[in-house]
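J.: Read off the chains here:
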Amino acid sequence: MAFPVPAVRPARPPSGRFVVLEYLIRCWRGYFVSSLAQAVGVPLLYLLALGVGLGTLIDSGPDAESFGGISYLDYIAPALLVAAALQVGAGEASYPAYSRFKWTKVFWGVTATPVTPQQVCDGEALFIATRLLAGSALYYLVLLAFGAAGGPAGLLMVPAGVLTGLACAVWVLALGARMRSEGGAFNVLFRFVLVPMTLFSGSFFPITQMPLATRWLAWISPLWHGNELARGAALGGLGFWAAVGHLSYLLVLLIVGAVLARRCYRARLIV
Amino acid sequence: MIIAKGLRKTFPVRGGKDVDAVSGIDLSVARGESFGFLGPNGAGKSSTMRMIACVSPRTGGELSILGLDPEVDGVRIRGRLGVVPQQDNLDEELTVRENLIVYGRYFGISRAECRRRAAELLEFAQLVEKADAKVDTLSGGMKRRLTIARSLINSPELLLLDEPTTGLDPQARHVLWDRLFRLKHQGVTLVVTTHYMDEAEQLCDRLVVMDGGRIVAQGSPAELIAAHSSREVLELRFSPGSQDAAEVAVAGLAERIEVLPDRLLIYADDGDEVLARVHTMDLRPTTTLVRRSTLEDVFLRLTGRSLVD
Chain D
4 MAFPVPAVRP ARPPSGRFVV LEYLIRCWRG YFVSSLAQAV GVPLLYLLAL GVGLGTLIDS
64 GPDAESFGGI SYLDYIAPAL LVAAALQVGA GEASYPAYSR FKWTKVFWGV TATPVTPQQV
124 CDGEALFIAT RLLAGSALYY LVLLAFGAAG GPAGLLMVPA GVLTGLACAV WVLALGARMR
184 SEGGAFNVLF RFVLVPMTLF SGSFFPITQM PLATRWLAWI SPLWHGNELA RGAALGGLGF
244 WAAVGHLSYL LVLLIVGAVL ARRCYRARLI V
Chain P
141 MIIAKGLRKT FPVRGGKDVD AVSGIDLSVA RGESFGFLGP NGAGKSSTMR MIACVSPRTG
201 GELSILGLDP EVDGVRIRGR LGVVPQQDNL DEELTVRENL IVYGRYFGIS RAECRRRAAE
261 LLEFAQLVEK ADAKVDTLSG GMKRRLTIAR SLINSPELLL LDEPTTGLDP QARHVLWDRL
321 FRLKHQGVTL VVTTHYMDEA EQLCDRLVVM DGGRIVAQGS PAELIAAHSS REVLELRFSP
381 GSQDAAEVAV AGLAERIEVL PDRLLIYADD GDEVLARVHT MDLRPTTTLV RRSTLEDVFL
441 RLTGRSLVD
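Each protein sequence line maps, in turn, to chains D and P.
Residue numbers for the first sequence follow this note's numbering, so the first one is 4 and each next one is one higher.
Residue numbers for the second sequence follow this note's numbering, so the first one is 141 and each next one is one higher.
Just so you know, the hints here were simulated from the structure itself, not pulled from any lab data.
Just so we're clear, the structure is a prediction, and the values are computed from it rather than from any experiment.
Be a bit skeptical, because a hint or two may be false.
Each pair of labels, with its calculated beta carbon distance range [said to hold, decoys possible]:
#, chain 1, residue 1, chain 2, residue 2, range
1, P, A366, D, R183, 43 to 49 Å
2, D, I273, P, D412, 53 to 59 Å
3, P, S279, D, W106, 15 to 21 Å
4, P, R396, D, R266, 53 to 59 Å
5, P, E202, D, K108, 27 to 33 Å
6, P, L208, D, W244, 49 to 55 Å
7, D, F195, P, D318, 53 to 59 Å
8, P, G164, D, P199, 51 to 57 Å
9, D, W31, P, A271, 34 to 40 Å
10, D, R181, P, A366, 47 to 53 Å
11, D, V45, P, I143, 56 to 62 Å
Glycine included, each C-beta is placed from N, C-alpha and C at the ideal position.
Working from the sequences, and respecting the hints, build out all of it.
T.: Given below as structure tokens:
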């Protein structure tokens, strides 16, 4: 190999964020099957256990009308899609991204090249969005097989899931960029934020069942907004301005979180 | 290639006094040169290397790499550098070949070209048999060779190596040195930090000794030895208890004598001649050794023998 060689540059080199995305997708191939199993398998179990198992009880019981005339399975299906996206998004943004700072230190290697820390953060977010898109689309097909995918607009559940998952994931990316420990804060996040959020955001029962004094917890929960959008897409009945409201909440959460995450990545990698 | 004037790096410490890692250094590295940084831990070598690599912004002074200012053209400069970090940061879940290809992509090199260069670099690093093995199956020496090969994927004009052979066995070190020599002959400029004096003497045309964020000596290995040490060193070991008497006795034998807990070091131009005189003095050292002065003698003289934390 002769040195130095004027480096061969393509007409427009790919932006750093897409090269990082390419790298992360390459890594994904190593755990592709298990990741799809996670995206589909566990929600499938919930669908069977709660949608079918519990659902047949509820639908034949005295409170069958509390869900507005639809079966319990149809009620929780969109929520399960969005909840799965949230879990996968937050999960991928936690330990996998953090390990590239703390243990494998791959990010330090990347930023020794022309790729900037902000592009690394963008690449991570793009990858999470890609995973969420694949997982949610697959889950939509599962729902279709169950007959629980709602009308033609039900396809919009997929972007609703991706948006909700990503809006939360970017905040977890920011957290990881600031952490120095062995990752304990992630466990706290999952146990004390994510699990309660999943239980009290209108996924399994309408929030009207919650005492008025606690209902604000659902209103600030991104999962509730995602649920409303997903249910509106599959089952209809969501007013235009309500939809705009939910969409705006998630978009603001996403943009603020992304800006914060980029800043945190820069602060961590440029010292 | 590299010009630094009054280069400074200060780290803010919350609730405490700022730490001056680099306190104003001047240096220049010419194209095709092989340049070394020596210094104890905490001397500021890695901080300086990180500023040269354009991954750490300087706090003060001027710095120019390849004629460009890192504050303005950091991205462009990094595209023309190769960096071998102190700790490998390879992706252990990918194969050897994939690590090379992925890294090349960060420089905007096309996939086909990355594959082609990866094949050449696998030959260079003698890792062809391991090309499709996962990195976590490699030994430490192989990972280091891979890290060095990776740093060359963009055909850099300037290669920065931070302690390249720390932790490797002698065979691995010699293979690496051989590779670095070849690069040097192909015109790549090398900047190395190292603790190994033999590495510094073998690889580097010019050296800088850093201590406490400052440069305390500069020059070629021979110049440094001539300026800061004698040509030869006579080491005398005594049985426990008899060294004190010997210290007094040898005091006049040479200009510089160093007293260590376990031996005496006498710095002279002709070690054998001094040894002959020692024998006439009825001292009974248990072992004697006459050796040439090395960079380690220079290093320890300039930076001291106490541990720096």
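J.: Range first: 56 to 62 Å. Now tell me if the beta carbons of V45/D and I143/P are that far apart.
T.: Hint holds: Cβ distance 59 Å, inside 56 to 62 Å.
J.: Take a look at whether the Cβ-Cβ distance between I273/D and D412/P falls inside 53 to 59 Å.
T.: With Cβ atoms ~56 Å apart, the hint holds.
J.: Could you check the hint for me, namely that R181/D and A366/P are 47 to 53 Å apart, CB to CB?
T.: holds, 51 Å
J.: Determine whether the Cβ-Cβ distance between R396/P and R266/D falls within the hinted range of 53 to 59 Å.
T.: holds, 55 Å
J.: Can the suggested window of 15 to 21 Å be confirmed for the beta-carbon pair S279/P and W106/D?
T.: holds, 20 Å
J.: 43 to 49 Å was suggested as the range; check whether the CB atoms of A366/P and R183/D agree with it.
T.: For A366/P and R183/D the Cβ distance comes to about 47 Å; the hint holds.
J.: Verify the CB-CB distance for G164/P and P199/D against the hinted window 51 to 57 Å.
T.: holds, 55 Å
J.: May I ask you to test the hint 49 to 55 Å on the CB atoms belonging to L208/P and W244/D?
T.: Between L208/P and W244/D, where Cβ atoms are some 53 Å apart, the hint holds.
J.: Determine whether the Cβ-Cβ distance between W31/D and A271/P falls within the hinted range of 34 to 40 Å.
T.: violated, 21 Å
J.: Given a hint of 53 to 59 Å, does the C-beta separation of F195/D and D318/P actually sit inside it?
T.: holds, 56 Å
J.: Is 27 to 33 Å right for how far apart the beta carbons of E202/P and K108/D are?
T.: holds, 30 Å
The structure does not agree with numbered hint 9 stated previously, though it agrees with all others.
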